[in-house]
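Engineer: Residue numbers (the numbering used here), protein chains in the order written: chain A, 5 to 312; chain B, 361 to 674; chain C, 12 to 386.
If you are wondering where the hints come from, they were derived from the structure by calculation, not from laboratory data.
All C-beta atoms in this analysis are idealised placements derived from N, C-alpha and C, irrespective of residue type, glycine included.
Treat the hints with caution; some may be incorrect.
Stated by the list, open to error - Quick list of simulated restraints, FRET-style, between CB atoms: (1) A/Ser-72 with C/Gly-282: 53 to 63 Å; (2) A/Ala-27 with B/Gly-371: 51 to 61 Å; (3) B/Leu-614 with C/Thr-380: 49 to 59 Å; (4) A/Leu-291 with C/Gly-282: 29 to 39 Å.
Unchecked claim - In silico contact screen, one side only, chain A against chain B (beta carbon under 10 Å); selected entries: (5) Val-51; (6) Thr-129; (7) Ala-198.
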Amino acid sequence: MTSTLSDTDQPAISPAFQQVSTARKAKNGLATVLMWLSFLIAVVPLVWVLYTVIANGIKRIPFTNWWSQDFGSVLSDEVGGGVLHAVVGTLEQGLVCAIIAVPLGLMVAIYLVEYGPGTRLAKITTFMVDILSGVPSIVAALFIYALWITTFGLPRSGFAVSLALVLLMIPVVVRSSEEMLRIVPDDLREASYALGVPKWKTIVKVVLPTALSGIISGIMMALARVMGETAPLLVLVGYSAYTNWDLFDHEQASLPLLMNNERATNTMEPGSVGFDRIWGAALTLVLIIALINLVATVVSRLVAPKKK
Amino acid sequence: MTRNRTKVRPGDRIFKNLSTGAGVVVVALIGLIGLFLLVQAIPALRADNVNFLTSRTWDTSDPNNLRFGILDLLLVTVSTSLVALVIAMPVSLGIALFLTQYAPRQLARPFAYVIDLLAAVPSIIFGLWGILVLAPELAPIAQWLNETLGFIPIFGQGNVFPNFSGTIFTAGVVLAVMLLPIITSLSREVFERTPTPHVEGALALGATRWEVIRTTVLPFGKAGYIGASMLGLGRALGETIALAVILFIPRGKLFDFSIFDGGATFASQIAANYSEFNNPTSAGAYIAAGLVLFVLTFAVNFAARAIIGDKKGD
Amino acid sequence: MKIMRPMGAVGIVASAALVLAACGSDPASTSSGAPTSGAAAAATGTANVACGGKTPLSGEGSTAQKTAVDIFAQQYAKACSGQVVNYNATGSGAGVKQFNAKQVDFGGSDSPLSGNDATAAAARCEGNPAWDLPLVIGPIAIGYKLDGVSSLTLNGEVSAKIFNGSITTWNDPAIAALNPGVTLPSKPIQVLSRSDESGTTDNFQHYLAAASKGAWTQGTGKAFKGGVGNGASGSNGVASAIRAADGAIGYMESSYVKDGITAAKLDSGSGAVELTAQNVGKALDAAVFKTPGSNDLAMDLDKIYAANTPGAYPLLLATYELVCSKGYDADTAKAVKAFLTVSATTAQQPIADKGFVPLPQSLQDKVLTAINAIS
Numbered sequence: 005m006t007s008t009l010s011d012t013d014q015p016a017i018s019p020a021f022q023q024v025s026t027a028r029k030a031k032n033g034l035a036t037v038l039m040w041l042s043f044l045i046a047v048v049p050l051v052w053v054l055y056t057v058i059a060n061g062i063k064r065i066p067f068t069n070w071w072s073q074d075f076g077s078v079l080s081d082e083v084g085g086g087v088l089h090a091v092v093g094t095l096e097q098g099l100v101c102a103i104i105a106v107p108l109g110l111m112v113a114i115y116l117v118e119y120g121p122g123t124r125l126a127k128i129t130t131f132m133v134d135i136l137s138g139v140p141s142i143v144a145a146l147f148i149y150a151l152w153i154t155t156f157g158l159p160r161s162g163f164a165v166s167l168a169l170v171l172l173m174i175p176v177v178v179r180s181s182e183e184m185l186r187i188v189p190d191d192l193r194e195a196s197y198a199l200g201v202p203k204w205k206t207i208v209k210v211v212l213p214t215a216l217s218g219i220i221s222g223i224m225m226a227l228a229r230v231m232g233e234t235a236p237l238l239v240l241v242g243y244s245a246y247t248n249w250d251l252f253d254h255e256q257a258s259l260p261l262l263m264n265n266e267r268a269t270n271t272m273e274p275g276s277v278g279f280d281r282i283w284g285a286a287l288t289l290v291l292i293i294a295l296i297n298l299v300a301t302v303v304s305r306l307v308a309p310k311k312k
Numbered sequence: 361m362t363r364n365r366t367k368v369r370p371g372d373r374i375f376k377n378l379s380t381g382a383g384v385v386v387v388a389l390i391g392l393i394g395l396f397l398l399v400q401a402i403p404a405l406r407a408d409n410v411n412f413l414t415s416r417t418w419d420t421s422d423p424n425n426l427r428f429g430i431l432d433l434l435l436v437t438v439s440t441s442l443v444a445l446v447i448a449m450p451v452s453l454g455i456a457l458f459l460t461q462y463a464p465r466q467l468a469r470p471f472a473y474v475i476d477l478l479a480a481v482p483s484i485i486f487g488l489w490g491i492l493v494l495a496p497e498l499a500p501i502a503q504w505l506n507e508t509l510g511f512i513p514i515f516g517q518g519n520v521f522p523n524f525s526g527t528i529f530t531a532g533v534v535l536a537v538m539l540l541p542i543i544t545s546l547s548r549e550v551f552e553r554t555p556t557p558h559v560e561g562a563l564a565l566g567a568t569r570w571e572v573i574r575t576t577v578l579p580f581g582k583a584g585y586i587g588a589s590m591l592g593l594g595r596a597l598g599e600t601i602a603l604a605v606i607l608f609i610p611r612g613k614l615f616d617f618s619i620f621d622g623g624a625t626f627a628s629q630i631a632a633n634y635s636e637f638n639n640p641t642s643a644g645a646y647i648a649a650g651l652v653l654f655v656l657t658f659a660v661n662f663a664a665r666a667i668i669g670d671k672k673g674d
Numbered sequence: 012m013k014i015m016r017p018m019g020a021v022g023i024v025a026s027a028a029l030v031l032a033a034c035g036s037d038p039a040s041t042s043s044g045a046p047t048s049g050a051a052a053a054a055t056g057t058a059n060v061a062c063g064g065k066t067p068l069s070g071e072g073s074t075a076q077k078t079a080v081d082i083f084a085q086q087y088a089k090a091c092s093g094q095v096v097n098y099n100a101t102g103s104g105a106g107v108k109q110f111n112a113k114q115v116d117f118g119g120s121d122s123p124l125s126g127n128d129a130t131a132a133a134a135r136c137e138g139n140p141a142w143d144l145p146l147v148i149g150p151i152a153i154g155y156k157l158d159g160v161s162s163l164t165l166n167g168e169v170s171a172k173i174f175n176g177s178i179t180t181w182n183d184p185a186i187a188a189l190n191p192g193v194t195l196p197s198k199p200i201q202v203l204s205r206s207d208e209s210g211t212t213d214n215f216q217h218y219l220a221a222a223s224k225g226a227w228t229q230g231t232g233k234a235f236k237g238g239v240g241n242g243a244s245g246s247n248g249v250a251s252a253i254r255a256a257d258g259a260i261g262y263m264e265s266s267y268v269k270d271g272i273t274a275a276k277l278d279s280g281s282g283a284v285e286l287t288a289q290n291v292g293k294a295l296d297a298a299v300f301k302t303p304g305s306n307d308l309a310m311d312l313d314k315i316y317a318a319n320t321p322g323a324y325p326l327l328l329a330t331y332e333l334v335c336s337k338g339y340d341a342d343t344a345k346a347v348k349a350f351l352t353v354s355a356t357t358a359q360q361p362i363a364d365k366g367f368v369p370l371p372q373s374l375q376d377k378v379l380t381a382i383n384a385i386s
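Chain A extracted, bound-state conformation (with noise of 0.2 Å):
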């Protein structure tokens, strides 16, 4: 040890302002490649799904026929038309998926990080939650038809669709939030208790505030990926090219099955009418996700506590 201790007339060294040897300058220096390695790796393949799918799916968009129209009167092989039937499906598959699904994920992440460490329930429900977020999107759907339409009777619909979106969107919103939940450090829950503050209400106004934003991005990229779902959708709902806004009772497009629908019976060569939809259906898929994510984190920073 460099201990100085001995020669108290010699100035002390303190290791602040040793040199800092090549070994570790080294390993620093080769940490701060491998960073900038791994973000331009991913920066390649990112850029370029995007810019294709921008690249590929722009030539409709700015059209406001694109968004006011649906297909209902426009033949599969017609330039024309737009996606507004689509969109409303989407919406509002997406929309009830949430309700359902966000409540839930969050009270169960709450129970596994507030009420049941240690408890059987909290170990059981862990695991379950683990095995849920390997389900194929095509087994949920089975499952919600032999439930929903085999057993009930009910006939398909949109909102069978988002009772199977709910199954593929718990697991990500619970583990996301049970991970934000769990990382909000213990001092602030003990103050609040510590202040006469109920369990309930701490969590409600100090824990999930502290967490509130990694919460959201979690839920937002839950709901981008059900979103984007299309195996759900074969099974669970048929495909209309008509605008249909009831959720509960006949065909409903949406845009993933839109564009497997297009994948399926237009031919897809570049500048086809094939190729404008179903890259324009992406394209406005990614800007309608865009546009509720950017609503949802501009909420999260007027919702969250302020830091210093």
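Keeping the supplied structure of chain A fixed, place chains B and C upon it in accordance with the hints.
Structural biologist: Leaving out everything else, chains B and C in the frame of chain A:
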């Protein structure tokens, strides 16, 4: 000694019951799904003429002579997910650390937003982009790997053609791109919340930036990062339509432990043939495959949890 | 706004008059410039379409007929304003399943109902049989990409051998024998098939079984049984896979043959025949029904596949609309009848423009009889 009787406030009780109830609902839900899968699968499993777990054929066209085995499906599913994780996990870790520790603020925020946008791209588009745009570009790399490292089985000759198009390699890369936003976003959130006292303490001891990360950020964020990766793995195992579009199905040839093979995963197999579920017994065969996926996810998550230990705080 | 109402009424009467006039008048006969022996394209007399009934009408099934059904729906909406038809193209199997489950009003299938499906359909129709009405006939192409070979002739036997792996290189003597004067490279043949279950596959395999003189023993069905090559997802997937590989060959609906894919000619014994709607029409002359005399117009296509009609292209698929003979409620029956009547008549010309083969007169008569008998 007076017994300490704490009054349980009604608000507390209600809230606690609500959240416990939510946990019960979710457990019941998964139990129901498992039950549904079992009920549908058992008749088919009974009628199976070959060993379900070890056979590599899949022929459900004749309801009276069902011959289906999941080994090939299992191998392909695991391979694609493995390739995806091997690529996505380190890259996501790097990006998350980069965004929280290295990047200037003006770069970090918009870039994080753009990564999150990637999650908004629907899976069918990833499938199309993968097979139409990415595969031709990956082909030279794949070919180089095959030529120089071909003596290692996983880089050996594939069983589909065009040789480097609809392969597990392509599918794995596309999956990795799909997983990046999930793992990165969650990890980033966790790393950002590393307690400042820890970081400042490390800096005060003269640590370099990398050492700060190694001693404070990583240990703190390890559980969150693994949790995020498990979420990503779940997505990879269950991804349906993207893989159905990308992967070519080799006829008459089996999975050969090469990443340049094609094949079907559990999910893509079910999706490709779902529309033919007219016969409950044949349908049961596919459901049985779904059941295996269920069990597989469980096993992997169990292992992951065992590795990172009990996650209850410190 | 009170002024608008009489104007509105006048407008409605005027447009109704126009619509009825359009319905009543026949466009010039469709067989302009394509005189086919006996298979004259149908004249379109739809003086009486009883519009009304359930809307939206829902159908599901075969992707091969999606383009045609879209045109049917469009013509139907023109003939009966306000009537909507939603058709979901998820495959013949899904169509049969959803029809039997009463989730849709009619199904679209590339193969007629048989066995358990027919029994379930009868149950769905309250104990009455379900009928298969052929409304869309489409050619199946054997598409290939081979540098330097712009014209290729195959026959049933050689095709069967290619698709089951007995012939593996392009310059095989069997292929060369059918293509005198063409230099075939010694490349390996890369076979593409559908990885998802498909009616196109089913019809193609039926053709191979019927026309190959015993060379195809792999069986038929919606899943490809050849055991060789690659499966790709959907006709789009097959087409783009063929485009990407020199020396690739596969089967698909004729509308996917473009941009680098060429359709092979078929020789049934009387010379090479090119894939045109006209030549397919010739092949339809040999159409025979599985239950002659009944309104269930399921066709026995094997006779067509095995036939050797000069100038006929035999590789076709007939897609059927599955309907209940009886058992619909009044609203649904009315709408189904109106929709199918328009489809079988006015709409046959527009679908011919898209590469489908319009119903020949004799077939159309039978179809209309069956439609009228729906109640």
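Engineer: Does each hint hold? Answer for all of them.
Structural biologist: The hints, checked one at a time:
1. A/Ser-72 with C/Gly-282: 53 to 63 Å: 55 Å, holds
2. A/Ala-27 with B/Gly-371: 51 to 61 Å: For B/Gly-371 against A/Ala-27, whose Cβ atoms are near 57 Å apart, the range 51 to 61 Å holds.
3. B/Leu-614 with C/Thr-380: 49 to 59 Å: 52 Å, holds
4. A/Leu-291 with C/Gly-282: 29 to 39 Å: Violated, since A/Leu-291 and C/Gly-282 (Cβ atoms, about 56 Å apart) do not stay within the stated range.
5. Val-51: At about 8 Å, which falls below the 10 Å cut-off, the nearest Cβ of chain B leaves the hint on A/Val-51 intact, so it holds.
6. Thr-129: This hint holds: A/Thr-129 lies near chain B, its Cβ roughly 4 Å from the closest one there, short of 10 Å.
7. Ala-198: Hint on A/Ala-198: violated, closest Cβ of chain B at ~15 Å, above 10 Å.
Figure legend: structure checked against the earlier numbered hints; hints not met, in rising order: 4, 7.
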